[in-house]
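Visitor: Sequence:
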Amino acid sequence: MKLAIASDHAGFELKEALKKAFPMHEFVDFGTHDTQSMDYPDTGFPAAQAVADGICEMGILICGSGIGMSITANKVAGIRAALCDNTDVARLSRMHNDANILVLAGRFTAIAYAIEIAETWLHTAFEGGRHKNRINKIHQGERS
Numbered sequence: 002m003k004l005a006i007a008s009d010h011a012g013f014e015l016k017e018a019l020k021k022a023f024p025m026h027e028f029v030d031f032g033t034h035d036t037q038s039m040d041y042p043d044t045g046f047p048a049a050q051a052v053a054d055g056i057c058e059m060g061i062l063i064c065g066s067g068i069g070m071s072i073t074a075n076k077v078a079g080i081r082a083a084l085c086d087n088t089d090v091a092r093l094s095r096m097h098n099d100a101n102i103l104v105l106a107g108r109f110t111a112i113a114y115a116i117e118i119a120e121t122w123l124h125t126a127f128e129g130g131r132h133k134n135r136i137n138k139i140h141q142g143e144r145s
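Numbered by our numbering, the letters in the sequence shown go through residues 2 to 145 in order.
Be aware that one or more of the hints could be misleading.
[Stated by the list, open to error] The calculated label-pair distances, taken between Cβ atoms and stated as ranges, are: (1) Arg131 <-> Ala18: 31 to 39 Å; (2) Ile136 <-> Val29: 18 to 26 Å; (3) Ser145 <-> Arg108: 34 to 42 Å; (4) Asp86 <-> His124: 35 to 43 Å.
None of these hints come from the bench; they were simulated from the model.
Don't be surprised by glycine CBs; every beta carbon is placed ideally from N, CA and C.
Work out the full structure, taking the sequences as your base and the hints as a guide.
Guide: What follows is the structure, given as structure tokens:
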């Protein structure tokens, strides 16, 4: 699977760890590439756009709290970014919301647990059914 991945300086270490933890996936890394202070929209927007455009199937974004990347990604039409702090929320974000971007909090999520969250998220399918109708309503709202 081709995945967009991006972080700010606070998520850099976790971003690098996730890339190493999932060698079976192809990552398109939108940065940042070090721990120098930078602005999360500079990496979050291009990564989210790559998912929206179908260049990448899904994405993972990381900033200090996860909130900034969530707000940024969800400004892009077609993106359903979910800030997940545990495996249950990660699973439900895929099953019920068809989240196409996982957002993690680099300052508050241990690397080992972030890997578990990402693994759950990557291996959970969308249920469809009644949830598909809700996703369609989100897309209608984006167009209006």
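Visitor: Verify the CB-CB distance for serine 145 and arginine 108 against the hinted window 34 to 42 Å.
Guide: 36 Å, holds
Visitor: Quick check: does the Cβ-Cβ distance between aspartate 86 and histidine 124 fall within 35 to 43 Å?
Guide: 18 Å, violated
Visitor: Check the following: the C-beta atoms of arginine 131 and alanine 18 are separated by a distance inside 31 to 39 Å.
Guide: 36 Å, holds
Visitor: Taking the Cβ atom of isoleucine 136 and the Cβ atom of valine 29, is their distance within the range 18 to 26 Å?
Guide: 24 Å, holds
When held up to the earlier numbered hints, the structure conflicts with hint 4 and nothing else.
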